[in-house]
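Start from the sequences, fold in the hints, and give me the full structure.
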Amino acid sequence: MKKSISINISGMLFNIEEDAYERLKLYLDEIKLYFASYDADGEIVTDIESRIAEIFYTKVSPSKQVITLGDVEALIAQMGNIQDFAAVEATFEEPQARTSTHTSSSTYSNTAAGSGPAAEPAASNRGRRLYRDESRKVIGGVAAGIAHYLRIDPMWIRLLLVGFMAFDVFLTLALSSSALVVAYIILWIALPVSNELVEDKKYKKMYRNPDDKVLAGVAGGLAAYFGVDVVLIRILFVLLFVFGGSGFLIYVILWISMPLAKTLTDRMQMQGEPVTLSNIEHQIKKNLNLKEDEEESFGVRMLLFPFRLVATLFSIGAQGVKSFLSFLGEAIRVVSGFALSLGGFVALLAIVVIATVVMGSFPDTYAHISEISVPLNLLRNTLPSPLLLASFGLVAIPVFFVLMIGIGLLARRWVLGTGPSWALAGLWLIALISTAAMAPEVAMNYRTEGYYESKATFAADSSQTLVLRMENGHWKDFNNIDLTIKGTPEGSVLLEQKIWARGATDEEAREHAQLASYPVVQKGNTLLFADQLQLPDNKPFYAQHAKATLYIPYGQAFSMEWGMRKILYNTLTPWGYRTEDLGDNLFAFNQQGELECLTCPAERTQKARTQKEYSITQQGRILNYRDFSELQVGSHYQLTLVNGPDYKVEVSGKDKDLDQMEVEQKNGILSFFTEGWTGKLWNSSGHEQGKVKIFVSVPNLAGLYLSGASTAEVKLQQDQPLKVALSGASEMQGTLEVDQLEVDMSGSSELTLEGRCQTLKAELSGASQLMTDAFRALSATVDLGGASEARLWVTDRLAADVSGGSELAYKGRPATDFNKGRGAEINQLGD
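If you're matching positions, the sequence shown starts at 1 in our numbering and goes up one per residue.
Since the hints were derived computationally from the structure, they do not count as laboratory data. Source: prediction; values computed, not measured. Be careful, since some hints might not be right.
[Stated by the list, open to error] Below 30 Å or equal to it, Euclidean Cα-Cα: the simulated DSS-like pairs (lysine-lysine) are: (1) K64 - K3; (2) K715 - K648; (3) K3 - K59; (4) K523 - K486; (5) K666 - K648; (6) K455 - K566; (7) K455 - K498; (8) K648 - K486.
[Said to hold, decoys possible] Ranges of calculated distance between the beta carbons of each label pair, as one might list FRET restraints: (9) K723 - D506: 38 to 46 Å; (10) P440 - S462: 53 to 61 Å; (11) Q534 - E561: 18 to 26 Å; (12) E30 - D211: 23 to 31 Å.
No residue lacks a Cβ here, since even glycine has one placed at the ideal position from N, Cα and C.
Right under this line is the structure:
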C-alpha cells in the first residue's frame, strides 16, 4: 500500500504516488532553475507542463488511475533532462561559433590553453590510448573502444565486423571469420578496460527514428543521418527487396544493430542538415556568386529548372507516394512476419524433435545414408556429443533468428534485444568454428572400406522341405543385409557372407567389420535369418553391411516365407518370378541351376518362363536387348557404359527394386525407368529407393540421356557424333574420344570428361557444371545461363554466350568470340 497525492498540471487533475511526486517535483524545479535566465521562462515552463500533462493522460486508464515512479522516469527519458537541454542549446550555438573570425577563434584557443574545452582535445590527442569501452559494450566493449579511439559511431565497427563474418561464412568457409573471432578475443584479453571514456558529441549517431517509422524506424533513422528524404530511403529498400531480396536482409541487420532514439539527446544526435532540392538550389546560387534577392539570368533559370521541376513534382506526389509506401510496407510487414514466424516455429520444432530423436528418445526413426536406413539413435554413439551440440546450435540459432524476425515484424519492434542478439550471433560463430574443427576428424574415420569373409554349412534333408524364415531385428526398418540364393551340386547348404565396414585405414575398416556378425540359426528343417547385422552396444556405427549368398543343393525343395522379401537380392527376378510368389509356394533349383516354382499355377509358371528374357550371371542378370542407338536412364540408377564388340545389357539390384524397374526399347532408344517414379529418392513409406546398377556395352552410341538423379561412368571411343543430355541433378564422368560432341545440361547436373573431340557444342542452364579442362576440343561453341559453370580446353576457336551469373574458364589460346552478359565472368586459365 502506497500513499498517493492529487496534483493539478496544466488544468488536469492526476493521482500520483508520493515517491513519484517527489521525483517529478525535483525535475520541474531543475527545469525552472535552468530556464530562469531566459526572457520567456514562464511560457517555456508552461509549455513543458502542458506536454507532461499530455503524456500523463496517456498513462491512465480505467484499470490504472495512479501515476507511478516508473511513469515519471519514462517521462523524463522521453522529454530529456537538463543535460539534454544543454546539448540542444550547444547544437544551436555551434553554427555561430563556426562563423566567428579566425582571429577570435585563435585568441580563444590561446587564452584557453591548459584549461577549458579547448585544452581537452589537445591533451587527448597527445595521449590517446585504446581501451575497451565498458559503458557502451555489447559483448566485450572492443568495438566500442575502437570506435572511441577513431571517434566514430560504434555501430559502424559492429556492422563492419558482422559484414566481414557474413561474407567469409558464405564465401570462404569461415577461415577468415575464425581469425576475426580470435583477434576479437585477443583484444578482449589484451586491452585495458575503462568505464570513464567520454563520448565525443561532435559526430552524428545513427538511431532508429520512432517519430517517422512504418516498420521499425530504420528508414527514418537513415534519412535523418544522411539528410535525405525518407521516401527515397523507403523506395530504395523496396527496390532492393524486389530485385534480389537483399533489402530485407539489410533492413533486419540494421533493425538489430541500430538503437532506438528514446531520449531528446538521441534525437538531436540523429539529426543533420538535410540534402533537399531547396538546399541544392541555394548551393548552386552560392557557387555562382548570386544573392538570394538578385534577379536571375536566363542561363541561371535554365540551370535551376530541373531542380525546381523535380521539387514541384515531389510536392504534388509526395503525399500519395508516402501513403502507397505506407500501405505496401504494412502489407509486406504482416505477410512476411506471419510467414517467417510460422516457418521459423515449424523448422525450430523439427530441429528440436530431430535432436531428441538423435539422443535416443524415438528408437524407430531412421536417417538415409547411402543405401542404408540407419537408426538415428545409432548416431548418438557415432558422433561426439560436442559435435552434436555444435551442429544443433549451427542450425537452430539461424532458425531462431528467423522466428524472432517474424515476431518482430508483427510486433513492429525487435523483441530480442541488441545484447542477446549479438550474444547469439557469437554463439553461432563458435558453433560454426567447432563444427568445422570436429567434423573432418569424424569424417576421417570413414575414409576407406574393408571387409571380412566367413562361411557356414548346414545339413540338408532332401526328403523334407527346407524353410527359410525371417526374424525381425531390434530396429524395424534397419536393413543392411543382401541375400542371394543360388543352386549348388553339393549335398549340403552353404552360406557365404562378406561383411563390409568403413574406417580411417584398411586395417581399421576390417576391424570394424569384425565387430558385426550375422548368425543364421538352423532349427530342424528351418533356417532363421535376421534382417540386420548384430552390432555391439555403445560402439560407433561404421556403416557395416553384409552381402550373403546361400547355396541350396539341386533338387532340394524349399520355401521362402513372406518376410524374406526384405533381404532377397537378385534371387527371384532373374527367373521371371516376383516377391508376390513368396509365401506358401515351394521352389527348387534344377540341375542347370535354374530356379523353378514347384507349386505355382501352370499359367504363372508359363508367364515366368516367357518373362525370362535374360540369363543369370555372377554379377546380375543379362537382358536380351540389342541394335539400339540411344540410351535413356533415369530413376536414380547407376550406369556403367563402355565400348564392346557387341551389345550387352546387365542389371543388378535388390529383387524388390528390380520388380519396379521398367525396360523398354522403342525407335532405337533403350530406356530404363521405375514404374511410378516421382523424382524422389524415397518411396511413399519414407524408405530410400534402392540403387539399381546397369552395365551396358555398345559398339557405337548416338545419344545418352540421364535424368532423375542418375549417375554414369562412361568410356567410349567412336567416330560418329555423340549427344549427351543431363537433367534433374544427374552426374556423369568418364573418358570420351569422339569426332563431334553435343552437350545439353540443366537442373544442377554435372559432367566431368577426359579425352578429346573435334568440335564441342554445349548448352548449360540451371546451375549446371561442365568440367572438360582435361578434354581437348579443337573448336567449341557454348551457351551458359542460369548460374552455370564451364571449364574448357580449346585449341583453335571458342565462341561463348555467357549470362545470368554464369562463369566460363578456358585454357589454350583459341580465337575467341564472346558475348558476356550482366553478372557473367570469363577467365583464361594457365596452360
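Taking the hints in turn, this is what the structure says about them:
no.: 1; hint: K64 - K3; result: holds, 15 Å
no.: 2; hint: K715 - K648; result: holds, 15 Å
no.: 3; hint: K3 - K59; result: holds, 19 Å
no.: 4; hint: K523 - K486; result: holds, 21 Å
no.: 5; hint: K666 - K648; result: holds, 17 Å
no.: 6; hint: K455 - K566; result: holds, 22 Å
no.: 7; hint: K455 - K498; result: holds, 9 Å
no.: 8; hint: K648 - K486; result: holds, 23 Å
no.: 9; hint: K723 - D506: 38 to 46 Å; result: holds, 41 Å
no.: 10; hint: P440 - S462: 53 to 61 Å; result: holds, 57 Å
no.: 11; hint: Q534 - E561: 18 to 26 Å; result: holds, 21 Å
no.: 12; hint: E30 - D211: 23 to 31 Å; result: holds, 25 Å
The earlier numbered hints are all upheld by this structure, with none contradicted.
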